[in-house]
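Using the sequences and the accompanying hints, generate a full structural model.
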Amino acid sequence: MSYVEMPGAKVPIRMWADPTTVEDGALQQLRNVATLPWIKGLAVMPDVHYGKGATVGSVIAMQGAVCPAAVGVDIGCGMSAVKTSLTANDLPGDLSRLRSKIEQAIPVGRGMHDSPVEPGRFHGLATGGWDGFWGRFDGIAEAVKFRAERAAKQMGTLGSGNHYIELLLDAEGSVWLTLHSGSRNIGKELAEFHIGVAQKLPHNQGLIDRDLAVFVADTPQMAAYRNDLFWAQEYAKYNRTIMMALLKDVVGKEFKKAKPTFEQEISCHHNYVAEERYEGMDLLVTRKGAIRAGSGEYGIIPGSMGTSSYIVKGLGNEKAFNSASHGAGRRMSRSAAKRRFTTKDLEEQTRGVECRKDSGVVDEIPGAYKPIEQVMDQQRDLVQVVAKLKQFICVKG
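Residue numbers (full-length UniProt numbering): 1 to 397.
Calculated from the structure, these hints are not laboratory results. Keep in mind that the hints are not guaranteed to be accurate.
Said to hold, decoys possible - DSS-like mimics (lysine-lysine), calculated; alpha carbons at most 30 Å apart, straight line: (1) 10 <-> 200; (2) 101 <-> 83; (3) 390 <-> 357; (4) 101 <-> 319; (5) 237 <-> 313; (6) 253 <-> 145; (7) 357 <-> 200; (8) 338 <-> 390; (9) 357 <-> 83; (10) 40 <-> 101; (11) 388 <-> 357; (12) 253 <-> 237; (13) 388 <-> 256; (14) 313 <-> 390; (15) 40 <-> 200; (16) 200 <-> 188.
Only a predicted model underlies this, so the values are computations on that prediction, with no experimental measurement involved.
Right, here's the structure in full:
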């Protein structure tokens with residue numbers, strides 16, 4: 001489908017989704033965003049759903065302003081994927097040992113490493129700028145400085161919620177590694193600090209929703225937020241890089257005889273801000289639950305813990321600000337999913353996948369998400385599918 005255009009106060013709302021299927025709360029959030037004085041465009045992805053302040057699955061283009069709540073609290077959250085030389089024929093009958101080895105190597109939930117992971121232990125790991133990145137920690141908000149040790153130990157850890165590590169097969173039987181994570185606790189605390197600062201600024205007092213408070217250009221508050229935002233986005237990228245190195249390490253040891261090799265990593269943020277130019281304007285583009293899909297750029301669009309994921313190439317659709325969905329998108333809240341589904345439903349919907357099947361992850365059940373095939377169909381003018389993957393192991397936080 002191409003987009004449906006809905007009227008908005010300052011800009012039209014371009015939707016790559018059927019408006020009749022979007023919950024009222026999310027539609028109201030989109031209308032609220034379209035009232036912001038600084039907005040120059042709003043594109044809505046097919047995985048759109050209600051979020052805090054701004055909907056998940058929205059691309060907000062503003063001039064001279066950025067809304068920290070529209071970025072979200074998991075700054076830089078995103079995906080990484082790597083194709084391996086392993087095939088389905090290399091896999092053991094019992095996958096539980098492999099899953100267990102991954103969980104031992106990469107802390108999940110609120111866990112962290114006993115001591116910071118030293119990237120030098122991984123041969124050929126691309127961590128250019130690592131020392132400079134950590135050197136910039138001194139320049140971030142004073143309010144989170146006391147978290148330095150925790151931030152260092154959480155580098156290379158998964159987190160919880162919808163974060164995961166998966167091993168998947170493509171149509172040719174090749175094994176892929178994917179993972180989904182962000183800037184961990186340090187990103188969350190930076191986001192919450194800056195959202196609090198923004199909400200107290202005088203220019204935000206008349207806004208329709210206090211969660212849409214913005215920082216404006218050429219102010220010390222904007223400079224401080226941009227500094228911390230870009231640092232946290234970098235943290236998230238390094239976090240995924242280290243985790244992928246740990247995951248390859250496990251796979252290399254477990255499949256020693258097959259001597260697995262790994263192709264180049266595909267990586268994309270989906271909660272972040274980028275400086276981009278459209279229609280002759282320099283804009284700050286916030287993607288909240290959306291990936292960049294510029295022409296020829298690779299991206300990853302996952303389903304849920306029991307459905308397919310897709311490796312895609314962007315088509316560079318400027319009407320969508322070169323963007324695409326970040327996944328299937330929730331169709332019900334976590335609490336609604338817990339009320340609706342049981343562990344028996346979870347077992348049923350994740351049959352054939354080596355994963356947790358306990359009450360702690362019922363809120364992540366495939367039934368709580370939109371059908372990924374439908375989401376992909378709605379964005380045929382945004383991305384082209386390169387590979388369709390189906391997981392056989394899923395590690396949840």
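A quick look at each hint next to the structure:
1. 10 <-> 200: Holds. Residue 10 to residue 200 sits at ~24 Å (cutoff 30 Å).
2. 101 <-> 83: holds, 20 Å
3. 390 <-> 357: holds, 18 Å
4. 101 <-> 319: Given that 30 Å is the threshold and the Cα spacing comes to 44 Å, the pair is violated.
5. 237 <-> 313: With Cα atoms ~20 Å apart, residue 237 and residue 313 stay inside 30 Å; holds.
6. 253 <-> 145: Roughly 37 Å separates the two Cα atoms, so the pair is violated.
7. 357 <-> 200: violated, 44 Å
8. 338 <-> 390: Between residue 338 and residue 390 the Cα gap is close to 25 Å, so the pair holds against 30 Å.
9. 357 <-> 83: holds, 27 Å
10. 40 <-> 101: Roughly 48 Å separates the two Cα atoms, so the pair is violated.
11. 388 <-> 357: Holds. Residue 388 to residue 357 sits at ~24 Å (cutoff 30 Å).
12. 253 <-> 237: holds, 25 Å
13. 388 <-> 256: holds, 27 Å
14. 313 <-> 390: holds, 18 Å
15. 40 <-> 200: holds, 24 Å
16. 200 <-> 188: Roughly 19 Å separates the two Cα atoms, so the pair holds.
The structure fails hints 4, 6, 7, 10 (numbered hints given earlier, in ascending order).
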